[in-house]
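Enquirer: Top line first, the protein sequences correspond to chains Y and H. This note's numbering numbers the first residue of the first sequence as 12 and each following residue consecutively. This note's numbering numbers the first residue of the second sequence as 12 and each following residue consecutively.
Honestly, the hints are just simulated from the structure, not real lab data. Be careful, since some hints might not be right.
[Stated by the list, open to error] In silico BS3-like cross-links for lysine-lysine, where the CA-CA straight-line distance does not exceed 27 angstroms: (1) H:K485 to H:K370; (2) Y:K714 to H:K660; (3) Y:K454 to Y:K467; (4) Y:K657 to H:K370; (5) Y:K537 to H:K690; (6) Y:K33 to H:K690; (7) Y:K660 to H:K370; (8) H:K537 to Y:K660; (9) Y:K714 to H:K690; (10) Y:K33 to Y:K72; (11) Y:K394 to Y:K331; (12) Y:K485 to Y:K580; (13) H:K537 to Y:K690; (14) Y:K239 to H:K33; (15) Y:K690 to H:K714; (16) H:K370 to H:K33; (17) H:K47 to Y:K690; (18) Y:K431 to Y:K467.
[Said to hold, decoys possible] Reference listing, derived: stretches of chain H covered by chain Y, where coverage requires no fewer than 3 residues with Cβ under 8 angstroms from a Cβ of chain Y: (19) 127-141; (20) 320-328; (21) 583-590; (22) 676-685.
[Said to hold, decoys possible] Some chain Y residues well away from chain H (every beta-carbon gap over 12 angstroms; in silico): (23) Y192; (24) Y356; (25) G362; (26) L448; (27) N458; (28) R562; (29) S701; (30) V705.
Here a beta-carbon is modelled for each residue, glycine too, at the ideal position from N, C-alpha and C.
Listed below, chain by chain, are the residues.
Number of protein chains: 2
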Amino acid sequence: MRRIFLSLCLLITTLWLSAQTKELTIEDAVIGQYRKFLPENLSQPSWRNATNFIYTEDWEKIVEANIKNDKTNVICEMKDINTELAKLSIPQLSYLYGLNWIDENSFYLQNENYIFTYNIVEKKISNVVTLPENAAQVFYNTDAKAVAYTVENNLHYIKIDSKSIAITSETNSGIVCGSDYVHRQEFGIDRGIFWSPNGNFIAYYRKDETMVAEYPITDYTTPMAENKPIRYPMAGEKSEEVTLGVYDIANKKTTFLKTGEPREQYLTCITWSPDEKYIFIAVLNREQNHLKLNKYDAKTGELLKTLFEEKNDRYVEPEKRLHFLKNTPNQFLWYSERDGYKHLYLYDTEGVLIKQVTKGEWIVKDIITFDIDEKNLFIYATKDSPIEQHAHKINMKNLEMTKLTSDKGMHEVYISTDAKYFLDTYSSTEVPYSATLFSMDNKLIRNILTAENPYKNYTLGNLTIGTIKAADDKTDLYYRLITPPNYDKTKKYPVIVYVYGGPHAQLIENSWLGGASLWDFYMAQKGYILFTVDNRGSDNRGFEFESIIHRNCGQNEMKDQIKGIEFLKTLGYADMDRIGVYGWSYGGFMSTSLMTNYPEIFKVGVAGGPVIDWKYYEVMYGERYMDTPQENQEGYKKASLLNQAKNLKGRHLIIHGVIDPVVVWQNSIMFVEKCIEEKVLLDYFIYPTSEHNVQGYDRIHLKRKITQHFDDNL
Amino acid sequence: MRRIFLSLCLLITTLWLSAQTKELTIEDAVIGQYRKFLPENLSQPSWRNATNFIYTEDWEKIVEANIKNDKTNVICEMKDINTELAKLSIPQLSYLYGLNWIDENSFYLQNENYIFTYNIVEKKISNVVTLPENAAQVFYNTDAKAVAYTVENNLHYIKIDSKSIAITSETNSGIVCGSDYVHRQEFGIDRGIFWSPNGNFIAYYRKDETMVAEYPITDYTTPMAENKPIRYPMAGEKSEEVTLGVYDIANKKTTFLKTGEPREQYLTCITWSPDEKYIFIAVLNREQNHLKLNKYDAKTGELLKTLFEEKNDRYVEPEKRLHFLKNTPNQFLWYSERDGYKHLYLYDTEGVLIKQVTKGEWIVKDIITFDIDEKNLFIYATKDSPIEQHAHKINMKNLEMTKLTSDKGMHEVYISTDAKYFLDTYSSTEVPYSATLFSMDNKLIRNILTAENPYKNYTLGNLTIGTIKAADDKTDLYYRLITPPNYDKTKKYPVIVYVYGGPHAQLIENSWLGGASLWDFYMAQKGYILFTVDNRGSDNRGFEFESIIHRNCGQNEMKDQIKGIEFLKTLGYADMDRIGVYGWSYGGFMSTSLMTNYPEIFKVGVAGGPVIDWKYYEVMYGERYMDTPQENQEGYKKASLLNQAKNLKGRHLIIHGVIDPVVVWQNSIMFVEKCIEEKVLLDYFIYPTSEHNVQGYDRIHLKRKITQHFDDNL
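Bound-form chain Y, shown alone (with noise of 0.2 angstroms):
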């Protein structure tokens, strides 16, 4: 074996107090992470004005705090707006959540299918409007003051005080106008309806999928079982077609922008123009290697141009829509992987780049906000880590960027509305919560709140997170080790790998429990060694360290995540020969990929929703990194692991989700039958009501299963 080239730096070792006696229960593990044992924190703040901030109490108070004193006082309480509420018959809030500021003093929210406006200094609501009980994808445009919204497969709108209309009315339920659910919501897609900024057109997806195949889904919970057939486009197969409709409220007239041939392509980014006169859509081939951003008339539906392309030997990704600049509202901010990280690039909107804002082998992970008059640009970055989030202020005139936060973790900042102050939110592995309140020039104004362990009474193992080098004996990857509380160096311990290794994800962060589950420490309780490398392949690390899987998946991964075993055996106290694997969807792939490649490495497995031929999964994600599988049959050949069934020694448990529309079932009933045609014996449990995850108290059971699979057989 060769010699582990260990990166320098244990960045993190989190040592808990090992006097505590408390012990995590299964329930604690699975429920308890995100209740009992949250941090406290600020709920839902942001800034009221140019000195005060809010946040809501006890999901049931507005409080106000402010940048002079410690005093913070009720504005809002849920009662009094129950008490208006029932006066209009409309159903009572539980609680105070998804607030929709207009100004200071007012905001709008969605209560069942209700929408309405309260002001919290005269105490009244007002703007009410009611929608259909079956309701769905809910915009409001309080410009409009309208809201659009979808029932079933139609788009509907409604002005307040008006009756509905109906924008569209498809009759073959293959037809979806404003769904969320386009291009298989990859690309960033979170919306199908994209109002106007001031209110007067609604543009918005139409998918037609009606030559897409049909995929049998079964609910058993009905008396007698029925097939509720979903539309799946398979890898290589006949895919969805979307065009854009654009609905002008004043003629009540629906445009679509002319996107042209060929049909199969994808629609991303859409972004309105402030002035409302163009559309910009970045359209992507299907085959995710070209893309062009286009400009189309709103009016007419015409393209007007073709601003710039960008095209890649694996793929282009657009995932962000164009920022816009309010001062200059013909310049944009445009989000691009083109040199290798994820950096910001200003636009104007004929296609000249003004200028690239960021630069660096870091990735740009968010835009926050624009100062009022656009001279500094406020973003979320990985620069100081990747696995860390950190605000900077850049000089949108000369680039120079300044850090805003110092402490190591994951930030997220509430920034004043004249941008003098930010309220400075994070935690890390050795901070729960903390919200801090801070000058633009970066003086402390006060500590709001710092939380109290919330596992003080309870013994923790040790949470360690470091780096390895790759199987390229170059790059760095982080790990995560949980070690049993109280471990004895001298002993051995068995080991849990839990993986996903997929795009897309990071497992490993310094925030609060680092990223990890609270089931990990549970098991470490237990006796076990929790250990996960981010390989590559995963999020945040740049194009290259992603698109390493491009037409190969799970090769690289795999042989990364046995560099983490390497570096397991240097613990000396890991045991070697009882290492288990873990992982969920690309992390099931991943995890019975280990199993059958490695079969002298991994004793004990355990894979949720595993895609298991890639020829299984669908298009859009699939055809990204896999490409056809007409295209790449050796890469698909490769990755298929029911020609790996065979190699299959240990003790395998595979779980789905019976009515899953994402991994579809088939994945795993075709593994089952190809262990069985080889002679393997394999375990294998469902969850007959769940989707691709198991959820709510189920996941509880589902955690038990996984427990005892490992304590039986590891």
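Dock chain H against the given chain Y, drawing on the hints supplied.
Expert: Then chain H, alone, in the frame of chain Y:
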């Protein structure tokens, strides 16, 4: 615990020689019983004439033997048939099997889609009929020299050297003509085509199931999973409507018998009168408690007469067609349980009961034949022992009954054409197979074959069959006990109870291996005690014994099984803390019932294809025993294992075939769901391409899985 009323008799104890050394493998245990370890035997024996009998050897030769001496000679070889087939370009035979003797020199045979007649003296093939490749339900009438058959849902017939004719041409796949799958093959239905005796008419079932709900069955082996629904009438729901068509070959017209309303009824025991004028149908109401034996005019379809009726508060279950006498063609034998035991009644075709032919607290299992002048009837009956089958001769005049077979065991006899001799073949727990020639006056002519013990080189466990008292403390129940080889009475051994428990099955019989699976002996070799009780509800013990399950499935059966557990305790060497239970189908219902109703007794369970709630089961079988869910709410509630899931404490493995069309998958899936709701852990496995049973090589996998479950947990 009450004193166990142990039957005085431990009927049979077979102590296997224990000096042997070989051990069974799991492959032996699963597929060896009827292959490698099949005792030597006469294959397909029959009488060629009054003095000579024949059988096949090595599946490729027909050997003739005789009553006079030891001499045998080969009268037909497959290779000669194949030589002739080759000349006609008909596929070669691989086995000489399925011979239908027409006279002493010729038989007809179906090979793939060809039917032909072969004369063993002339060594010539004649009367070749070529059927379509997808022909099914093939019935040859030697008088008509014609074949009736189905292609998909339609009935056809073809006369030698003529073109085929479509008798039906239904375009709706929900209307099925000529299929044996009518009334889900309950009521002894084994065919859907009924040639009239002289071949002038073809009667056939027409099943209209268009009104029966479609039940989704998913085929996961296709590139994209496909729903291939079946028509499944669930208890209490709309059922199929069946009629009987009569096709007149001469005038090519079909007449439907006027079986009338209500259309949801059962047409059973379809029988032609010898003169082809009438068709008799035992018409049973959907409630299955009122049978009418109706006589219809085959030409006009008119109901001529109801010969007699049978009613029962529990159920009436007709299962055998009428047996007409040749010399008195207006008389027939009718099987009925009307006096509590299945006996034969002689009727005339006007419905006059001439006499009850058999009587007593035992049952007639089958009619063997009459002698030529029909003075004597030969039957199989359980008169001597319910776990044995003996042949008897009955004088039709005075009803005197003479037992033909003397050795204990399960006999099959072959009576010579003049009824002066018979070949007696049998096996028992002590005799693997024996074939002996007797004269009808019970003189031994000659032993033809006594097979040697195929396990002579193996160390098998001890097999004991005995009786205990049922939970009523009166009724004898048979048990089978298999102990580990060389077991030590001073030690304790874990127990696996193998259970079926439902009607129409009897697990314990005095035949080779005692009715047990070789896997039982394999498990005994691993140190388990294998134990089985045929509880009340099981077969061959009369109506009261069986029908105690009526409206109350599971309840009395469980009580009897617990009597078995009490008996095990008296042995002293059964480890009462390590009792497992395993069953399939009704047996899966039973094992799950026992695991949940008696969690303090049963530690480990296995249930295959279990009925979990009778509301998920079908109309025909389900309503016979449980009535409808509407009529028997209490019984359904008590039997529902969904209600019992919360009580499960032990390790229970449920296994289901994914495409099970009998006990639909919904049963076990909903049990899993209920266990999740009730916070109960469960083990689960599926066989993706299996129907109600797991067959072929997959069965080895199944039994390894089950073995592993007991090894891991018991």
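Enquirer: Now look at each hint and say whether the structure bears it out.
Expert: Evaluation of the provided hints:
no.	hint	verdict
1	H:K485 to H:K370	22 angstroms, holds
2	Y:K714 to H:K660	18 angstroms, holds
3	Y:K454 to Y:K467	31 angstroms, violated
4	Y:K657 to H:K370	60 angstroms, violated
5	Y:K537 to H:K690	21 angstroms, holds
6	Y:K33 to H:K690	24 angstroms, holds
7	Y:K660 to H:K370	61 angstroms, violated
8	H:K537 to Y:K660	22 angstroms, holds
9	Y:K714 to H:K690	11 angstroms, holds
10	Y:K33 to Y:K72	33 angstroms, violated
11	Y:K394 to Y:K331	20 angstroms, holds
12	Y:K485 to Y:K580	20 angstroms, holds
13	H:K537 to Y:K690	21 angstroms, holds
14	Y:K239 to H:K33	54 angstroms, violated
15	Y:K690 to H:K714	11 angstroms, holds
16	H:K370 to H:K33	48 angstroms, violated
17	H:K47 to Y:K690	21 angstroms, holds
18	Y:K431 to Y:K467	37 angstroms, violated
19	127-141	violated (count 0)
20	320-328	violated (count 0)
21	583-590	violated (count 0)
22	676-685	holds (count 6)
23	Y192	20 angstroms, holds
24	Y356	41 angstroms, holds
25	G362	42 angstroms, holds
26	L448	46 angstroms, holds
27	N458	43 angstroms, holds
28	R562	21 angstroms, holds
29	S701	9 angstroms, violated
30	V705	9 angstroms, violated
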